[in-house]
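Work the whole structure out from these sequences, hints included.
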Amino acid sequence: MPINIGNTAFMLLCTSLVMLMTPGLAFFYGGLVERKNVLSIMMQSFISLAWTTVLWFAFGYSMCFGPSWFGIIGDPTHYAFLRGITLDTMYTGNDAGIPLVVHVAYQMMFAIITPALITGAFANRVTFKAYFLFLTGWLVFVYFPFVHMVWSPDGLFAKWGVLDYAGGIVVHNTAGFAALASVLYVGRRRVMGVNPHNVPLIALGTGLLWFGWYGFNAGSEFRVDGVTATAFLNTDVAASFAAVTWLLIEWVSAKRPKFVGLLTGSVAGLATITPAAGYVSLSTAAIIGILAGLVCYYAVALKNRLGLDDALDVWGVHGVGGLLGTVLLGVFASKAWNPAGVDGLLLGGSEFFVKQCVAVCISGIWAFAFTWGMLWLINRVTPVKVDAEAAEERGLDAELHGEEAYLGT
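First residue of the sequence shown? That's 1 in the UniProt record's numbering, and the numbers climb one at a time after it.
Keep in mind that a hint or two might mislead.
Claimed, not checked - Label pairs and their in silico Cβ distance ranges:
hint, residue 1, residue 2, range
1, Trp376, Glu403, 29 to 39 Å
2, Ile85, Ile5, 11 to 21 Å
3, Thr382, Glu403, 18 to 28 Å
4, Ile3, Leu306, 48 to 58 Å
5, Asn195, Leu377, 34 to 44 Å
6, Tyr298, Thr77, 16 to 26 Å
7, Asn304, Val199, 46 to 56 Å
8, Ile5, Ala50, 23 to 33 Å
9, Gly307, Ile5, 48 to 58 Å
Unchecked claim - Quick list of in silico lysine to aspartate or glutamate cross-link-like pairs, DMTMM-like style, CA-CA up to 20 Å:
hint, residue 1, residue 2
10, Lys355, Asp154
11, Lys159, Glu351
12, Lys129, Glu403
13, Lys129, Glu389
14, Lys385, Asp309
15, Lys129, Glu399
If you're looking for bench data, these hints aren't it; they were derived computationally from the structure.
Glycine included, every Cβ here is placed at the ideal spot set by N, Cα and C.
Below you can see the structure in the form of structure tokens.
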């Protein structure tokens, strides 16, 4: 199969955009925490950028896309250290004509950002050593298996007919419910409800995430065609409608329009449209955006009422958003907008709707249960929680890393 220059160039661009999302996430989370903890949470994103690449090179890609073991995981030795991949090795998942190295790189960027999403839930409470072990174990036992099950042609869910265009199940639902488990295990901070220390930093992070999300969703077609363009526009439509919906609800509730609410709503819309971006119409994307702003806002409100210390609302935005988007894909999917897809519940696809619901529930339950168990196990090796008093007084930047973001303040 000859290389298609246009598709290859487009996928390299999308890979770069998705890579940019992880620094964007670091800025987004960094602005939301206190000034004395900003480096700690940003470092948790950047270490994923580096360490996940090492794991992906060694065995991660092989576990995701190697020959299937029972439809659950790929053979970790098949592409170990990317052996057998040469200049001429082509990606065979479709006829787009892209080199396999492009597929390796693109999927690696998804693996990098997914565990980094979880860090916002336990912000200011977890030691770096424990997080490093968590990052490794979570990728191996949660992320890699679900990539294989959903996105590998031989995967259990893929063969069953489950669809996930760009990561509603694989990325957002697993990360969101892992975040919920981590919050319940780690417990509350001594002082909750601290205001974000730098709202412009949050805005910068949101802008980078939104920009990168075009590569995240449009690139998941792995070629340039009408579906690619639709996924691109659906991404923006859903994010915009969700942002405005969140803003209006909070405006009515708090009597003031909140910038952080607008930004958070946009991220909720981006997360929710992700599984459906290439399978639904433009008008459906608007509906999904409105529902994302509404449902995710009240999920965060429920979290607050229950007293759960999900510091940066990872469960309410990503977990609930990923679940909602996957279910709505089961409702609104249309072969008119993607001939390679299926028709959803509204077009007679009741069986597909049930499959979507079952798959997203299984992924959430497994991510929650394994995360809880792994944190328990890590705590037997090294303390998971930081010393609360030291963290409150000095902050994690100084306490764990001996560095400060803002010297002399």
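So, going through the hints one by one against the coordinates:
Checked against the hint of 29 to 39 Å, the C-beta distance between Trp376 and Glu403 comes to roughly 30 Å, which is consistent with it. Evaluation of the 11 to 21 Å hint for Ile85 and Ile5 yields a pass: the beta carbon distance comes to about 20 Å. With their beta carbons about 21 Å apart, Thr382 and Glu403 fall inside the hinted range of 18 to 28 Å. Between Ile3 and Leu306, the C-beta spacing of about 53 Å keeps the proposed range 48 to 58 Å intact.
The hinted window of 34 to 44 Å between Asn195 and Leu377 holds, with their beta carbons roughly 35 Å apart. Between Tyr298 and Thr77 the C-beta distance comes to about 47 Å, which lies outside the given range of 16 to 26 Å. Roughly 19 Å separates the CB atoms of Asn304 and Val199, a value that falls outside the hinted 46 to 56 Å. Between Ile5 and Ala50, the C-beta spacing of about 31 Å keeps the proposed range 23 to 33 Å intact.
A C-beta distance of roughly 55 Å is found between Gly307 and Ile5, which places it inside the suggested range of 48 to 58 Å. For the proposed pair Lys355 and Asp154, the alpha carbon gap of about 17 Å is at most 20 Å, so the pair holds. Between Lys159 and Glu351 the alpha-carbon distance is near 14 Å, which keeps this suggested pair within the 20 Å criterion. For the hint linking Lys129 to Glu403, the alpha-carbon distance of about 17 Å falls within 20 Å, and the restraint holds.
Between the alpha carbons of Lys129 and Glu389 the distance comes to roughly 19 Å, so the proposed pair stays at or under 20 Å and holds. Straight-line distance between C-alpha atoms of Lys385 and Asp309 comes to about 14 Å, which keeps the hinted pair within the 20 Å bound. The suggested pairing of Lys129 with Glu399 holds, with an alpha-carbon distance near 13 Å, which does not exceed 20 Å.
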